[in-house]
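S.K.: Quick mapping for you: the protein sequence lines, in order, are chains D and F.
Per UniProt numbering, the first sequence runs over residues 1 to 211.
Per UniProt numbering, the second sequence runs over residues 1 to 257.
Keep in mind the hints are simulated off the structure, nothing from the lab.
Among the clues, some could well be false.
Examples of chain D residues lying across from chain F (beta carbon under 10 Å, computed) [as the list claims (entries may be wrong)]:
(1) Met11
(2) His127
(3) His191
All C-beta atoms, glycine included, are put in the ideal place defined by N, C-alpha and C.
Chain by chain, the residues run as shown.
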Amino acid sequence: MSSVAVIDYGMGNLHSIAKALQHADPSVDVQISSTAAAILQADRVVFPGVGAMRDCMLALNGSGLAEVIRQVANTKPLLGICLGMQALLTDSAENGHTDGLGVFSGHVVRFAEGLTDTDGVRLKIPHMGWNQVRQQPHALWQGIAQDSRFYFVHSYYAQPDDGAIVAATCDYPNAFACALAQDNVFAVQFHPEKSQTVGLQLLKNFLHWDV
Amino acid sequence: MSLAKRIIPCLDVDNGRVVKGVKFVDIRDAGDPVEIARRYDREGADEITFLDITATHDNRDTIVHVVEQVASEVFIPLTVGGGIRTLDDIRRMLNAGADKVGINSAAVFRPEFVQEAAERFGSQCIVVAIDAKKVSLPGEVSRWEIFTHGGRKGTGIDAIGWAEKMVAYGAGEILLTSMDRDGTREGFDLALTRAISDAVAVPVIASGGVGCLDHLADGVLDGKADAVLAASIFHFAEYTIQQAKEHLRMRGIEVRL
Numbered sequence: 001m002s003s004v005a006v007i008d009y010g011m012g013n014l015h016s017i018a019k020a021l022q023h024a025d026p027s028v029d030v031q032i033s034s035t036a037a038a039i040l041q042a043d044r045v046v047f048p049g050v051g052a053m054r055d056c057m058l059a060l061n062g063s064g065l066a067e068v069i070r071q072v073a074n075t076k077p078l079l080g081i082c083l084g085m086q087a088l089l090t091d092s093a094e095n096g097h098t099d100g101l102g103v104f105s106g107h108v109v110r111f112a113e114g115l116t117d118t119d120g121v122r123l124k125i126p127h128m129g130w131n132q133v134r135q136q137p138h139a140l141w142q143g144i145a146q147d148s149r150f151y152f153v154h155s156y157y158a159q160p161d162d163g164a165i166v167a168a169t170c171d172y173p174n175a176f177a178c179a180l181a182q183d184n185v186f187a188v189q190f191h192p193e194k195s196q197t198v199g200l201q202l203l204k205n206f207l208h209w210d211v
Numbered sequence: 001m002s003l004a005k006r007i008i009p010c011l012d013v014d015n016g017r018v019v020k021g022v023k024f025v026d027i028r029d030a031g032d033p034v035e036i037a038r039r040y041d042r043e044g045a046d047e048i049t050f051l052d053i054t055a056t057h058d059n060r061d062t063i064v065h066v067v068e069q070v071a072s073e074v075f076i077p078l079t080v081g082g083g084i085r086t087l088d089d090i091r092r093m094l095n096a097g098a099d100k101v102g103i104n105s106a107a108v109f110r111p112e113f114v115q116e117a118a119e120r121f122g123s124q125c126i127v128v129a130i131d132a133k134k135v136s137l138p139g140e141v142s143r144w145e146i147f148t149h150g151g152r153k154g155t156g157i158d159a160i161g162w163a164e165k166m167v168a169y170g171a172g173e174i175l176l177t178s179m180d181r182d183g184t185r186e187g188f189d190l191a192l193t194r195a196i197s198d199a200v201a202v203p204v205i206a207s208g209g210v211g212c213l214d215h216l217a218d219g220v221l222d223g224k225a226d227a228v229l230a231a232s233i234f235h236f237a238e239y240t241i242q243q244a245k246e247h248l249r250m251r252g253i254e255v256r257l
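Whenever a hint applies, use it, and build me the whole structure from the sequences.
M.R.: Next up, the structure:
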């Protein structure tokens with residue numbers, strides 16, 4: 001039986017992602033794990049996250065899980081979600097300045113204030129709700145229609161140094177990277193576990209991803 | 001390509017059953033919450049909100065079980081409001097599978113609670129629910145005040161100033177209910193919705209008064225709401241969520257279909 005570990009570092013609710021993974025493929029053993037041994041033993045790893053970057057990095061550095069995630073990023077399929085994606089970059093502008101894990105080279109920045117849509121209506125921050133995702137070719141998009149809508153809720157977004165690692169973009173109102181892919185690491189800004197059928201399909205693809 | 005406006009069906013849950021009252025009285029039974037949530041998910045609801053109106057503390061466990069069951073099979077955002085008073089209440093709802101909680105009276109009693117909640121769990125899961133009623137007389141400049149206890153208790157607090165304060169304290173979203181319109185089927189209070197939406201940078205959900213599909217579209221186009229919430233028009237199967245979305249699209253609004 002193949003296994004997936006959902007990293008538990010004390011930030012937010014892991015119920016949804018664990019349930020969604022189980023639903024996406026009932027044959028996979030889904031475990032919520034907070035220890036290095038359990039995470040390193042799993043076939044693949046999901047790195048979720050909600051909340052603020054500084055708390056996230058404090059928890060990861062304090063528990064030693066930061067090193068474990070870097071190790072996973074070099075060895076097996078890893079899926080970062082929301083703050084779990086942002087934490088994989090070099091650093092973030094959130095909380096002044098916070099160093100990330102540096103798996104992806106680049107920065108995390110905040111949406112500018114006062115942005116408007118094409119009708120001149122002010123865009124709200126956080127960017128919250130269902131927005132269209134423009135895919136670049138990648139195994140994890142299999143079976144998901146181009147421009148499908150996924151559920152987002154965030155105020156910061158990734159700006160990778162190398163445009164070649166962008167696996168999808170989204171417009172708010174300008175295009176930003178909402179998915180990054182590099183070797184065995186895939187990361188998304190939206191919440192696949194809250195994006196109904198397309199989200200479950202992405203999770204299923206991850207659970208079957210042969211890097 | 002742009003962000004879709006959201007349609008959010010709301011389930012008022014009392015002792016494990018979905019009910020809907022007109023101005024908080026005359027409650028009609030509308031069914032099993034888990035079954036209804038499943039149906040809304042199939043029809044394409046963008047989120048689902050549960051409002052726990054159970055008065056007694058003993059029956060609080062019921063809503064936790066409802067959320068647990070729904071979260072195991074419905075993979076869209078879930079919000080739970082009603083009776084959220086402590087950080088522990090929030091933790092319980094999030095652990096049960098809710099993505100956001102709605103805080104109403106507890107914020108009025110002690111605004112710092114919103115700050116503590118946002119710091120602990122993140123603004124993305126803190127929705128401040130505001131029940132507002134018009135207090136200005138005809139001919140005067142419009143003014144709304146916030147009410148608690150299901151619209152029975154006035155507070156003297158100005159609704160617009162309150163919304164701004166709650167956002168400054170960390171609210172990630174505002175759920176705005178017009179107490180004048182709730183249950184009347186006369187449509188949202190559009191002036192109120194627009195005033196709050198213009199005042200704050202976070203998304204605003206319009207609620208209270210939907211009687212037909214044009215009301216939903218008006219909430220977005222005239223009220224500048226980012227999302228629209230309705231209960232009875234969906235419960236009693238007058239319209240499906242799908243029909244509501246098709247109608248919004250016909251009026252030129254971006255939706256997820």
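S.K.: Looking back at the hints listed earlier, which ones does the structure fail to meet?
M.R.: none
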